[in-house]
Each structure stands twice: as C-alpha cells, then as structure tokens.
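Protein chains in written order, with the working numbering: chain S, 1 to 289; chain W, 1 to 569.
Where hints are given, some of them may not hold.
[Stated by the list, open to error] Which stretches of chain S does chain W cover? Using the computed rule of at least three CB atoms under 8 Å from a CB of chain W, they are:
{"no.": "1", "stretch": "62 to 68"}
{"no.": "2", "stretch": "131 to 142"}
{"no.": "3", "stretch": "180 to 189"}
{"no.": "4", "stretch": "245 to 258"}
[What the hints assert, rightly or not] For the chain W half of the interface with chain S, some residues (derived, Cβ under 8 Å), not all of them:
{"no.": "5", "residue": "V187"}
{"no.": "6", "residue": "A337"}
{"no.": "7", "residue": "P396"}
{"no.": "8", "residue": "F397"}
What the hints contain is simulated information worked out from the structure, not anything from laboratory work. Glycine included, each C-beta is placed from N, C-alpha and C at the ideal position.
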Amino acid sequence: MSTGAQREHSATASQAENAIHLPAPTQWPLILAVGLTLLFAGLVTNVMISALGVVMAVCGAVGWFRQVLPQEAHEMLPVTLEEIAIEREGRRVTRVEHLHPVAGRAITGISTYPISSGIKGGFAGGTVMILLAEIYGVVRFHSIWYVVNLLGGAGVAGWNAPTEHDLGTFHLAAFLIAIVIHTASSFLVGLLYGALLPILPRHPIVLGGLIAPALWTGLLHSTLGLLNPYFDDHINWYWFALSQVGYGLVAGWVVAREGRLKSLRDVPLSVRLGVETAEPLKHDDEGRR
Amino acid sequence: MAGGSIPVPGGLGSAADVAATEADGATWLEHLHSWVVTVDHKKLGVMYVLYALLFLVVGGIEALIIRIQLFFPDNHFVSAETFNRVFTMHGTTMIFFVAMPIVFGFGNYLMPLMLGVRDMAFPRLNAFSFWMSAFGGLLLYYSFIGGVGLQGAGSAPDVGWWAYAPLTSRAFSRGHSTDYWALALIVSGFGSIGAAINFIATAFCMRCKGMTLFRMPLFVWLYVVSSGLVLVAVSPLTAAQVMLTIDRYLGGHFFDTQAGGSAVVWAHFFWIFGHPEVYVLVLPAFAIINEVVPVFSRKAIFGYPAMVAASVGIGFVSLGVWAHHMFTIGMTSISNAFFVLSTMLVGIPTGIKIFNWIATMWGGKIRYRTPMLFAVGFLVQFLIAGLTGIILSVAPFNWQLHNSYFVIAHFHYVIVGAILFAIFSGIYYWFPKVTGRMLDERLGKWNFWLFVIGFHVCFDVMHIPGVLGMPRSIYTYEADRGWTGLNQIVSVGAIIQGIAIAILVYNMIHSALKGQEAGPDPWDAWTLEWATNSPPPPYNFAIEPVARSRRPLWDLKHPNDPDEPLEEG
Chain S
1 MSTGAQREHS ATASQAENAI HLPAPTQWPL ILAVGLTLLF AGLVTNVMIS ALGVVMAVCG
61 AVGWFRQVLP QEAHEMLPVT LEEIAIEREG RRVTRVEHLH PVAGRAITGI STYPISSGIK
121 GGFAGGTVMI LLAEIYGVVR FHSIWYVVNL LGGAGVAGWN APTEHDLGTF HLAAFLIAIV
181 IHTASSFLVG LLYGALLPIL PRHPIVLGGL IAPALWTGLL HSTLGLLNPY FDDHINWYWF
241 ALSQVGYGLV AGWVVAREGR LKSLRDVPLS VRLGVETAEP LKHDDEGRR
Chain W
1 MAGGSIPVPG GLGSAADVAA TEADGATWLE HLHSWVVTVD HKKLGVMYVL YALLFLVVGG
61 IEALIIRIQL FFPDNHFVSA ETFNRVFTMH GTTMIFFVAM PIVFGFGNYL MPLMLGVRDM
121 AFPRLNAFSF WMSAFGGLLL YYSFIGGVGL QGAGSAPDVG WWAYAPLTSR AFSRGHSTDY
181 WALALIVSGF GSIGAAINFI ATAFCMRCKG MTLFRMPLFV WLYVVSSGLV LVAVSPLTAA
241 QVMLTIDRYL GGHFFDTQAG GSAVVWAHFF WIFGHPEVYV LVLPAFAIIN EVVPVFSRKA
301 IFGYPAMVAA SVGIGFVSLG VWAHHMFTIG MTSISNAFFV LSTMLVGIPT GIKIFNWIAT
361 MWGGKIRYRT PMLFAVGFLV QFLIAGLTGI ILSVAPFNWQ LHNSYFVIAH FHYVIVGAIL
421 FAIFSGIYYW FPKVTGRMLD ERLGKWNFWL FVIGFHVCFD VMHIPGVLGM PRSIYTYEAD
481 RGWTGLNQIV SVGAIIQGIA IAILVYNMIH SALKGQEAGP DPWDAWTLEW ATNSPPPPYN
541 FAIEPVARSR RPLWDLKHPN DPDEPLEEG
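Isolated chain S, as found in the complex (with noise of 0.2 Å):
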C-alpha cells in the first residue's frame, strides 16, 4: 500500500528540474548595514563618520534595489536527483485504543458539564458567599462595608493598618478591587467545578462543596500571614470558612443540576469552536482511532 504522500512524491520526482533557481549572493544588505551603523555611531564620535555611513547606506540602498528590479538577481544551482535512503519501520505502532472503564486506568470523560453551568454555579456560589460574609459584617462590626474592605484593602497601596473606623466606612478603592477579586475568583473557581465535578467519584456535591473548601481554608490559613498580614490578624476563620462551604455546595449543586453534556472530544477544532457543523467521522478514521 503506499501513501499519498510517496505517490506525490515520486510523481514530483519525474518532473525534477535540473536547474535550481536561488537568490544571487549579495554585499549590498551588508553595506547598507554597515553605513546604518555607521551613521549613528557618528553621532556619539565625529560628524564625518555619519557622512560616510550615509554615503556606504545610499549606496547600499541602491545596489539592493538593482538585485531586486527589474526582475530579482538568481544563480543557478544544477541539480541530479539522488535517493536518499530513509528506512520504512516494519514495527508495529501501538496505538492507545479506547479502554472500556472497567478495564483500565485510561477512563476519560464522555459527558462534561457545560461551560455555562461552571459560571451560573460560581456567581451563584459568590452570591452565597457575600451573604455569609455580611451577616457576620453586621451583626459584629455594624457594617456592610468591614468585610468588603477587608478584602478590597489589599490593593489599595497607601491605605496602611487602618482601623475598624476605617473599615466601617465606604471606601470607593477597595469597593472595586473588592469586586474585582471576588468576581474573578468566583468565575474561576466556578469554571473549575464545572470542569472537576464529573470526575470526583460518587459524591460530588459533597467532594466539592465540603472537602475542597476545607482544603482551601487550610491552604489561605497557611500562607495568608505571609501575603497579607492585616487580613490575617482581622480575619474569622470560622465564619471563612462557613462562608467557603456555602461557596462550595451552592456552586457544586447548580452545576449539577445543569446536567451533562457529550464531550466533544473526538470531533475536529474547528467544530469544537463552532466554525464548522459536526459531520460523521469516516470509517477509516474511526478504526484508526
């Protein structure tokens, strides 16, 4: 059997020219260059350096364009064809086949959950999150803007160990990085479990909404000291993390209850992004596959 390509190939090799055009050897870019530089290091040494360097780059100049017009300089370069021996492998390639589940280790996801849900889940998880974290806001410090300051604060680079007055009090700086960096997490994270749920064993929603949080608030209660002090001495790691949880089963139960998709792994990029409609894989495709 040959391929395509060894027919191309050969049939090209019928047709081989004898003769190989190639653009002419030429000093010209050299000149043009050394006259460039030339014309600035004048600037730095003596005036006449950058008389010659213009003089060597006009000339440059013009001997390029006389290669290239009216028809473009080539040598030319004989040519005898010879075969080069490339060995053909007589190995069998091994190809990883699709393992049925039970078989092996190689289970990959046939239905996912749509991108859409992993967003409506994180918003709706942030939302979540944002009611815990102002009821604890209100009813210990009397404030809807302590928490969102707390967060925001982080950003606001004069804003130095501020007091609870200061955190009581709206404050337009840390009211946006507030909001951004909490949409952002919210969006990521939720895109994360709309992409990680399929693939927790039997109890996603509790995977996801109990033990991924906890892990989390372990991580942030590790490290927080070190990426911002003032919110780890402020911060109530109880009332964190109850608000990392509700995050979590909010965010796992809409993605959830969005249901799943068949993944469209074994179709082509350009379907995959919508440029082109799905049509049925050839059957040589699929048995190679």
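Chain S is already provided as a structure; the job is to place chain W on it using the hints.
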C-alpha cells in the same frame, strides 16, 4: 524490519558534488567571502548562533567577574565603577546579543527546512537583519574605547540593562556610555524587526504543498507568535531610545523630571518592551521543546490544537503584564490589581503547555539522550521559575522582594534554567543536521550534569540572600549581614556552569571536526528537515516536498500506518 529506500525531497546527487568541488577548490578568502555575501538562510542561521555563542562567552566572563567580586564581603576585586559597567554589559549582552540572536539563528536555519521550502521569504532582508544585529553588538562593545567622550568621563554603559531615568540624563551620565547603549540597541532593534517580519512572512506565504497552517510544526507556530511580539514590543523600546537621545542631545525633556518630564514614562516604555521580551525568548525555547520531547518520547505531541491556542494566548496576555515590574513605583490600586490578575492569568496557557509536554512523555518510550536530558531539565526548572513568578506577581509580596536577589534568582531561573537549557537541547538535537556529525554523547552528559548541578547550586541558593534583604546590583556588602556563605555557594555554582559551557564549546569544535557521521536522520524524527542530507544542500530540497499530515516524514517511514488518511490503491 522492512528496509527500503524511497525518493525523498532531499535528493541532490551531483549538485552536492558540484558544491563540494567548488568549496574544495576555494581559498580561505573566497570561502570567507561566500559567508559574508550570503543570503542563504542556513549560513545566516549558523552565523547568528556562532555570534551569539561568542557573546555568551563574553557575557559569561562578565558574570564570573560579578560573582568573584561578591565572593567575599568588602571585596575590591574590581572598582565600584567597573562593577556597574560589568553588570550593565552582562545584562545587555545576554538579552540582546546572546538570547535574541541565538533564537533567531535557530529560526533562520530551521523554519524553511521544516516548511519544505528553499529559503526565507526575504533572503536579502534576512542578511541585512543579521548584520544589523551583529553591528549593534560591536557598537555596544566599542563603548569600552569610545565611551569616554568629550568630557573625559565614562567608558562602557553603567546604568543597568533597564537604564532607568533620570540616571541616564546628562547630569548623571556624562560622556557617551549611555549613548552607545541607546544607539547599539536602536541598531540591533532594526535587525530584530527585520527578522520578525521575515519569520511571519515565511510561515504564512512560503509553505510547501499540503502544509496547511494546522499541519505546520509547532516550532513554526511558536516563532510566528514570538515574531509578532517582537514587532509589538521592540518598537516602543526603539522609540524610547530615540526619545532618550533627543533628551541628551537636543534639549528634550521626555524623562527629565526637573523640567516637566517623567521618569515613570521611561519605566513604562522599557517594561512594555521588557516583559514581552521574556516571552520573545521563551516561546522559541518552547518551540525547541515541542520538537525534542515527542521525538525522544516516540509519541506525537499531545494536544496540538491546545498547544497552538496556548501559544497565541500567551502572546496576547504577555502584552498586558508589564507593570508588575513597577509595583513599587506607586501606581494606583486599580492598576496594581489589574497587573496582579493579568500576570497570574499567564499561568493558565503556560500550565496547559507543561501538562501537554508531560502527557506527551506519559506512556512513551523515552530515550534519555542529551537533547532529552536538557529538555527534562527545562521542564522542571521552567515550572519552578513559573511558580516564583506567580509569587512575585502578588503585589504585597513584590513590595517586599522588589529589586532583591530573589528577583535576580527568579529571572535567571527563566533565562538560564528554561531558555538556555532549551537552547542547549536544540544545539544537541540539530547539530548533526547542521554539521553532518554527532556531538559526543559522553561529553554531552558531562555538560548536562555539570550544568544542572552548577545551575541549582547557583540559582536555588540565590533566592535566600534575596529573602534576607540583599539588593540587586550591589557592589559589595558588610561581613555581618549573614550573606557571605550564601554568596560563596552561588559563586561556586557559577564557576561550575562556566566549566560546563567550556565542555560544550570543546564538544562542538571537536565533534565538528572529528565527530561520528550523522546521516540525514540520526534521531528517527518526523519533520521535514530530517528528509534532506546533513548538512542540507544550498537549495534544501531538490524536489519540493509534500505534507499530508503534521508528521510528513513519519508518513514516508510508516506506509502502513501513516498519520495521513489511508487511500485505496
């Protein structure tokens, strides 16, 4: 094994004989002339790489001078003024006259071969670009002689490779040293822009029959993205250098804070170039790894479309992160938050790439030859470099560590641990194609292990004095700071790396003269450069090749199991 031979694109026969006869009969002067006037992409590629290796040795010697100076506290191995010049020239040399030319050299040599064509889109522009880059370096080093200027002050530039204003104003930088720095980078910038235009035009306009965009080797895709970044990023740098020259000679006030100018504007201009520049260099490193890892894992690259998308994504995101170098300048909170998030965002497409390289290796039949050893070193070290990059992207953390040796360690992890390791991997992989001879494997392993040990002794430890508060660019330090032992370990690591590079240089010279003959395809690879002789003839391919898949040479070698769809008959 079913042996056999089939006509492949590189068949050349008597043409090679003719070329060989001409070369044999030529005097050394004629031979030299043929290189000086060449427009052949392969010769220009080789000249780029040799030029860069020469400056690698020069920049390496400058690094060793820095490390000797810092070996002891209160040391005076060189004067403070000389130290400033040495670290300025080291940084400028390594970025502009080692890393950039060497990646341009690889691209020049390999891109037309991989695309199955006979030359770059604009061969004469290619020659012009090389010479401009080369003369930029010579102009910079001429400053050691000419930098004194009319005032009798100065020598080589001493303002750091970032050359912050107002240090570059005439009041603080007398003589011509800073002018040489600015003019040399303008000259080499023309070369960089010309090379980038050529890469893009070649990839989009010069592919062989059947080589669709999504059949191009990932190597070519990465160079397209990197070249796009060069066009966008080098232009602001060139503009800033012109503005600086106007400030210094025509009474301009762009960066003169005493006359209404702004030093911060210079910082913005420089880093709008400076951070994408990291990606200009690391994307070609990715390109090399994309070729080496599959061949030595005996598997096709995992996730080709995702790799293309991630590369383009990195290109776009990298244009919006520059001000993470400027957190301590005092930007607004909104700006800080934006640049923290945008910097962290780069981790996503970069993570995709690392996962895909590991997935390519996973289950493969890995051959740990020297190119693969360097590629694995790249993977580990680039991951660590990325993690310290994420640490530095956190503004409060950055405020503590900015301008410390932690930052130096981080970016040397990127430049040496990732980019230089990938380049060494590429040298060992394509040296047989360029010279027709294999690099010595035993010396290669010595080179790798010494370099990897020296690298980690040097740059792992270098993070610690940074955390302890040692500032960058510092001339010397007092003995009671607790930095002495750490600096001595770092210096020992630098010396070990110097030995490793000396082994590489010896290996290249020795193997080029007496190495084992390589043949056209010593690694059993799959892209088109291995379908022609080693070294390739001037015209690359006597017959224009045809690509029917992403691995055209695989299709020829495996007629019963090609990547392309099987056809009847």
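Consistency of the hints with the structure:
1. 62 to 68: It holds: at least three residues are needed, and the stretch 62 to 68 of chain S offers 3 whose Cβ sits within less than 8 Å of chain W.
2. 131 to 142: violated (count 0)
3. 180 to 189: holds (count 3)
4. 245 to 258: It is violated: at least three residues are needed, and the stretch 245 to 258 of chain S offers just 0 whose Cβ sits closer than 8 Å to chain W.
5. V187: Given a least distance of 5 Å, the restraint on V187 (chain W) holds.
6. A337: holds, 4 Å
7. P396: holds, 6 Å
8. F397: holds, 6 Å
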